[in-house]
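Colleague: From first to last, the protein sequence lines are chains A and B.
For the first sequence, UniProt numbering begins at 1 and goes up steadily by one.
For the second sequence, UniProt numbering begins at 1 and goes up steadily by one.
Treat the hints loosely; a few may be bogus.
DSBU-like cross-link-like pairs, simulated, lysine-lysine; straight-line CA separation at most 30 Å [unchecked claim]:
| hint | chain 1 | residue 1 | chain 2 | residue 2 |
| --- | --- | --- | --- | --- |
| 1 | B | 138 | A | 224 |
| 2 | A | 372 | B | 96 |
| 3 | B | 117 | A | 405 |
| 4 | A | 457 | A | 372 |
| 5 | B | 117 | A | 335 |
| 6 | B | 129 | A | 306 |
| 7 | A | 405 | A | 457 |
| 8 | A | 306 | A | 401 |
| 9 | A | 280 | A | 382 |
| 10 | B | 108 | B | 121 |
| 11 | B | 108 | A | 410 |
| 12 | B | 108 | A | 280 |
| 13 | A | 372 | B | 129 |
| 14 | A | 224 | B | 129 |
| 15 | A | 224 | B | 142 |
| 16 | A | 335 | B | 142 |
| 17 | A | 280 | B | 117 |
| 18 | B | 108 | A | 438 |
| 19 | B | 142 | A | 306 |
| 20 | A | 280 | B | 129 |
| 21 | B | 117 | A | 372 |
| 22 | B | 152 | A | 224 |
| 23 | A | 224 | B | 154 |
| 24 | A | 280 | B | 138 |
| 25 | A | 280 | B | 121 |
| 26 | B | 138 | A | 335 |
| 27 | B | 121 | A | 372 |
| 28 | A | 438 | B | 96 |
| 29 | A | 15 | B | 238 |
| 30 | B | 93 | B | 108 |
So these bits of chain B aren't anywhere near chain A, every CB distance computed over 12 Å [unchecked claim]:
| hint | residue |
| --- | --- |
| 31 | 40 |
| 32 | 76 |
| 33 | 77 |
Treat the hints as calculated values from the structure; they're not laboratory data.
The beta carbon of each residue, even a glycine, is placed where N, CA and C say it ideally should be.
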Amino acid sequence: MSQRQVLLVFEQYQKARTEFVQTVAELSTRPQNIETLQATGVMQLLRPLLLDVVPTVQQTAALALGRLANYNDDLAEAVVKSDILPQLVYSLAEQNRFYKKAAAFVLRAVAKHSPQLAQTVVDCGALDALVICLEEFDPGVKEAAAWALGYIARHNDELAQAVVDAGAVPLLVLCIQEPELSLKRIAASALSDICKHSPELAQTVVDAGAIAHLAQMILNPDSKLKRQVLSAFAQISKHSVELAELVVEAEIFPAVLTCLKDSHEVVIKNTATLIREIAKHTPELCQLIMNAGGVAAVVDYIGDTKGNVRLPGIMMLGYVAAHSETLAMAVIVSKGVSQLAIILSDEQEDHIKAATVWALGQIGRHTPEHAKAIAVSNVLPKLLQSYISPDSSEDLQTKSKKALKNILQKCVYLPALEPLLQEAPPNILKHVVAQYSKVLPNDPSARRMFVTSGGLKKIQEIRSEPGSALQEHIHEINKCFPEEIVRYYSPGYSEALLQRVEGFKPSTEMQTS
Amino acid sequence: MSHYLSSLDDYDIIQQIYEFGLDAEKRRFIEFFMATKLQRWWREVRSRKRRQNTVEAARTVGRFLATLKAKKAMMRKIKSTVHQDQRRYFDSKIVKFQALWRGYASRKNVFSYYQRKSDLKNLEIINEKTLRNLDQYKILLKLQEAETAMEKSKIKPECTKVQKPNYEPVNYITCTSTKIVDAKNLNHTKKRCKIIPTCMINVFEEKEKKASVQLKPVKPRGRPKGPFRSEQAVDAQKSRPSSPTLRVATPFDLQEESKRFEKKMKRITRIQDPMNFTTEKTSYERTLWGLTSYNPRDFTSSSLREEYIDEMRPKFRSQVPNIELFDRVGRSYDER
Numbered sequence: 001m002s003q004r005q006v007l008l009v010f011e012q013y014q015k016a017r018t019e020f021v022q023t024v025a026e027l028s029t030r031p032q033n034i035e036t037l038q039a040t041g042v043m044q045l046l047r048p049l050l051l052d053v054v055p056t057v058q059q060t061a062a063l064a065l066g067r068l069a070n071y072n073d074d075l076a077e078a079v080v081k082s083d084i085l086p087q088l089v090y091s092l093a094e095q096n097r098f099y100k101k102a103a104a105f106v107l108r109a110v111a112k113h114s115p116q117l118a119q120t121v122v123d124c125g126a127l128d129a130l131v132i133c134l135e136e137f138d139p140g141v142k143e144a145a146a147w148a149l150g151y152i153a154r155h156n157d158e159l160a161q162a163v164v165d166a167g168a169v170p171l172l173v174l175c176i177q178e179p180e181l182s183l184k185r186i187a188a189s190a191l192s193d194i195c196k197h198s199p200e201l202a203q204t205v206v207d208a209g210a211i212a213h214l215a216q217m218i219l220n221p222d223s224k225l226k227r228q229v230l231s232a233f234a235q236i237s238k239h240s241v242e243l244a245e246l247v248v249e250a251e252i253f254p255a256v257l258t259c260l261k262d263s264h265e266v267v268i269k270n271t272a273t274l275i276r277e278i279a280k281h282t283p284e285l286c287q288l289i290m291n292a293g294g295v296a297a298v299v300d301y302i303g304d305t306k307g308n309v310r311l312p313g314i315m316m317l318g319y320v321a322a323h324s325e326t327l328a329m330a331v332i333v334s335k336g337v338s339q340l341a342i343i344l345s346d347e348q349e350d351h352i353k354a355a356t357v358w359a360l361g362q363i364g365r366h367t368p369e370h371a372k373a374i375a376v377s378n379v380l381p382k383l384l385q386s387y388i389s390p391d392s393s394e395d396l397q398t399k400s401k402k403a404l405k406n407i408l409q410k411c412v413y414l415p416a417l418e419p420l421l422q423e424a425p426p427n428i429l430k431h432v433v434a435q436y437s438k439v440l441p442n443d444p445s446a447r448r449m450f451v452t453s454g455g456l457k458k459i460q461e462i463r464s465e466p467g468s469a470l471q472e473h474i475h476e477i478n479k480c481f482p483e484e485i486v487r488y489y490s491p492g493y494s495e496a497l498l499q500r501v502e503g504f505k506p507s508t509e510m511q512t513s
Numbered sequence: 001m002s003h004y005l006s007s008l009d010d011y012d013i014i015q016q017i018y019e020f021g022l023d024a025e026k027r028r029f030i031e032f033f034m035a036t037k038l039q040r041w042w043r044e045v046r047s048r049k050r051r052q053n054t055v056e057a058a059r060t061v062g063r064f065l066a067t068l069k070a071k072k073a074m075m076r077k078i079k080s081t082v083h084q085d086q087r088r089y090f091d092s093k094i095v096k097f098q099a100l101w102r103g104y105a106s107r108k109n110v111f112s113y114y115q116r117k118s119d120l121k122n123l124e125i126i127n128e129k130t131l132r133n134l135d136q137y138k139i140l141l142k143l144q145e146a147e148t149a150m151e152k153s154k155i156k157p158e159c160t161k162v163q164k165p166n167y168e169p170v171n172y173i174t175c176t177s178t179k180i181v182d183a184k185n186l187n188h189t190k191k192r193c194k195i196i197p198t199c200m201i202n203v204f205e206e207k208e209k210k211a212s213v214q215l216k217p218v219k220p221r222g223r224p225k226g227p228f229r230s231e232q233a234v235d236a237q238k239s240r241p242s243s244p245t246l247r248v249a250t251p252f253d254l255q256e257e258s259k260r261f262e263k264k265m266k267r268i269t270r271i272q273d274p275m276n277f278t279t280e281k282t283s284y285e286r287t288l289w290g291l292t293s294y295n296p297r298d299f300t301s302s303s304l305r306e307e308y309i310d311e312m313r314p315k316f317r318s319q320v321p322n323i324e325l326f327d328r329v330g331r332s333y334d335e336r
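Looking at chain B on its own, in the form it has when it is part of the complex:
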């Protein structure tokens, strides 16, 4: 430095100072640069180390976690393998149970197999019982037939051939009396004889012989005392054709039923034709079962109730449905 101050001018001094300053700046820069570099280096080293430490820590942690994960996965795998084997084992058993159950449920609910099976078993029992009862019934029938055959064989008549009944009654033609024989009365004589087939006559004789109890002889009864109707009147009554009785099968509640029917028809006509119903004047008609009438009475009649006077008794309207048979035979309910 002194070297420079002695030999120079002021410009040279300033120039030298400036150059010294530049050199010092350079050096400062270089020092700064070097310092920063060194700091950088040091920071780098420190951070690298730190980084390395963290990386190692992370690696360690990662290794640990991976190990843990792997272990867990392995355990899971082992467990799943075991479970799978177990499941396969149990599945194989459970499938059988399910198959058995499904088969049972479908047989029971869809095909009614068990119901049918029990029904068929019951049917076998019923059939056996029925056949047994029928066999017993057949044996009973045979016993009854044998009994009847034995009874018939005991009363066997001597005549084996069955003779045809003799249509000609005994005493057919009336005795030739002095009376005029009426053709109508030819069949109805005093001495009426029964028409007995000749093959049965022996039977009656045998029966009488075999009677163990000796009956007392019956005293002939004398002719009963009268008064009697004439024979002609009796014969006329016997040969008169019987008039048909009104035995027609009707239900016991015919009256109530016909009343209900009548009410129903009235209701229907009322609904269907209300105007006519309100304007129609219906007079009261006495029905079959009503005996009392409330019509004006003749003051000259001896009784207060008109039903005792046949002539004044009005015809009644029958509530019971007509029976055609009556029309044919000319009968009606209002005949007394």
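So that you can see chain A by itself, here it is in the shape it has in the complex:
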């Protein structure tokens, strides 16, 4: 055989291997093929191809493995059990950039499914290799490495701490400063995944100087980048007051409010989440947000959006109002109550309604002025309806009850209390009657209105246990009116009158005349 013929055989073998691995990679992009591939034992076939002499075969085999592992956790476990990971980790340090990208993709695909698989990846020593890849010149390699690190850190604080201990944070901060958009996105996402677990991890990220670089990217036109940056800020600021103040000192306000008008819902939601996490700590931070026009912007955004997107905004209003009566008044002045009332009537989801109810309770619990603002918006009957409706979840009922109680204890606006007299259950009714007993002794016009509107009649119909607080309040109210009127409106008075008529005997003088 000539040399050429011998070479031809090897060329054909190489071509077959390449074609096989490329086809497998192509097939693994479609979910319907995965099970078939798994059944045919594709892992065992791909494993030796990772050590192929041809770099392209190695890379494509790694790519195919990554796609398979990405599909579900069973395949990822199969990758782990096939002892592929140590080979990949070793190759991360030795091979070229194409292979590094593919290997990092496989590690990411394995680590993303569960903390146990991520721990397996860490135990193989992948963290050090991935951190070294973060110093690569090629942005694609950096991106793949950052992505894998982010997926590892996402699961729990131990894994995130392992990533931090590997020295990834300063390099991720450097990656954020790179010009490539995709790299910035992935690095920001990785930092966000690290920060979310504990204040110590968030502090590590802050100490690496991430805040200043992230703050510059808030006004970037790319929505995907913005959402990761805002998510990172939210995860940093949620842990403590100091971290929230550090975020605010980066002068993100009022620029971050423009993100509430973004076309992507996730960006809007993450912005609202960030504002909520900052506002929940101290009244001073709430004041800062208020002075930047944040409250009005949030009220506007919850009016424009629907569903879960508006939930962080609703909670933010509740947190702001909870701090002090001044801030609660600021929410009222910014037309927050009317917007929350609309949401309460429009929304179908119980958890959003529960948040709305809670926010309204925080606004109205401070002074009679606040309670009046709530009552004037015709919110009290809706709160009552949420409480007594059998379709409401337990959480919604609990929150409605608390909010009603808090508002009613301060409400002296009687026209808003009248509908509650007719429909409220006893545990709510006692608060309503208590407020009437406070107002009626001092207000003659209110007493007149109370009688003409049928309130007095309703009061007499209420059954109360002797010695209870409800009965005392009823007694206090009855003392405000003449006895005849109280008797007139007492139940059964007409029958008693008719009985008297029946029992009445006319006098004899009249009979003789």
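We have chain A; now place chain B onto it with these hints.
Modeller: Then chain B, alone, in the frame of chain A:
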């Protein structure tokens, strides 16, 4: 009297004189008594009159004083009544002023009502401004999106379906030349073709067609003249894994900070353990940035400065804190 002198004896005369004397005494007594009585009476009358005069005068004075007192009291009463009415009148007005002032002061100082009111007014202005700015921003975003959509629609390719990129590069397998094909060099051929997704090929063709300026045909350049490295060497360099660069984020004042830290630690050890410090002999260790050494020189060395002699150059003590990454990748600062 003669009656008595004629008919009597001497005893009788003496008796008669004695009796006359007694009568005269009696009469004198009676006269004295009467005189005193009369004097008494007269004194009494005089004193009574005097007394009456004084009583009348006192009464007159008293009447006058009482009248004066009463008048004064009446005036006082009148004045007080008038004052009371006036005071009531003014009180009613002043109480209102005081109530207004107390209300204002408590609202201002205790409840900060006016501050809050002005803050809420300012807040309304800020809110309006913010909402206006956000609306303008939204309009601007929509305009930008419309512009980008218009630009994209202009360069719309004919193929509407996006085809997946073809991973198989052209001329993948090297030409069957007489050369021995090295497996490592399979990817790096002379005729390297770009992997272009087929859907974009039409785009490039269209762009070329639409170019209004007719460019002069480019003369093919001949092969540049050497000398060149061998292809194998070039390929080996291309496929060699890049060594990690030492781009670690350190602050620009790390040197000063580490120097200060070192001084601080020395101070602390000196304070905490002075005996050891005085007795401990520390030899001078050259730090990172000091290039000149003053150790004894070998007289056979050609240069006066030891730093030019690599072998004799001592290792320096790094004043900058260790970076773990260096240990992992086997690098250190003292590598040149």
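Colleague: All hints are to be evaluated individually against the structure, with a verdict given for each.
Modeller: To see whether the hints hold, each was checked on the structure:
no.: 1; hint: 138(B) - 224(A); in the structure: 18 Å, holds
no.: 2; hint: 372(A) - 96(B); in the structure: 29 Å, holds
no.: 3; hint: 117(B) - 405(A); in the structure: 28 Å, holds
no.: 4; hint: 457(A) - 372(A); in the structure: 25 Å, holds
no.: 5; hint: 117(B) - 335(A); in the structure: 16 Å, holds
no.: 6; hint: 129(B) - 306(A); in the structure: 24 Å, holds
no.: 7; hint: 405(A) - 457(A); in the structure: 24 Å, holds
no.: 8; hint: 306(A) - 401(A); in the structure: 25 Å, holds
no.: 9; hint: 280(A) - 382(A); in the structure: 26 Å, holds
no.: 10; hint: 108(B) - 121(B); in the structure: 16 Å, holds
no.: 11; hint: 108(B) - 410(A); in the structure: 23 Å, holds
no.: 12; hint: 108(B) - 280(A); in the structure: 29 Å, holds
no.: 13; hint: 372(A) - 129(B); in the structure: 27 Å, holds
no.: 14; hint: 224(A) - 129(B); in the structure: 28 Å, holds
no.: 15; hint: 224(A) - 142(B); in the structure: 18 Å, holds
no.: 16; hint: 335(A) - 142(B); in the structure: 26 Å, holds
no.: 17; hint: 280(A) - 117(B); in the structure: 24 Å, holds
no.: 18; hint: 108(B) - 438(A); in the structure: 28 Å, holds
no.: 19; hint: 142(B) - 306(A); in the structure: 20 Å, holds
no.: 20; hint: 280(A) - 129(B); in the structure: 25 Å, holds
no.: 21; hint: 117(B) - 372(A); in the structure: 17 Å, holds
no.: 22; hint: 152(B) - 224(A); in the structure: 20 Å, holds
no.: 23; hint: 224(A) - 154(B); in the structure: 25 Å, holds
no.: 24; hint: 280(A) - 138(B); in the structure: 28 Å, holds
no.: 25; hint: 280(A) - 121(B); in the structure: 24 Å, holds
no.: 26; hint: 138(B) - 335(A); in the structure: 21 Å, holds
no.: 27; hint: 121(B) - 372(A); in the structure: 19 Å, holds
no.: 28; hint: 438(A) - 96(B); in the structure: 27 Å, holds
no.: 29; hint: 15(A) - 238(B); in the structure: 23 Å, holds
no.: 30; hint: 93(B) - 108(B); in the structure: 22 Å, holds
no.: 31; hint: 40; in the structure: 88 Å, holds
no.: 32; hint: 76; in the structure: 43 Å, holds
no.: 33; hint: 77; in the structure: 41 Å, holds
The structure agrees with every numbered hint stated previously.
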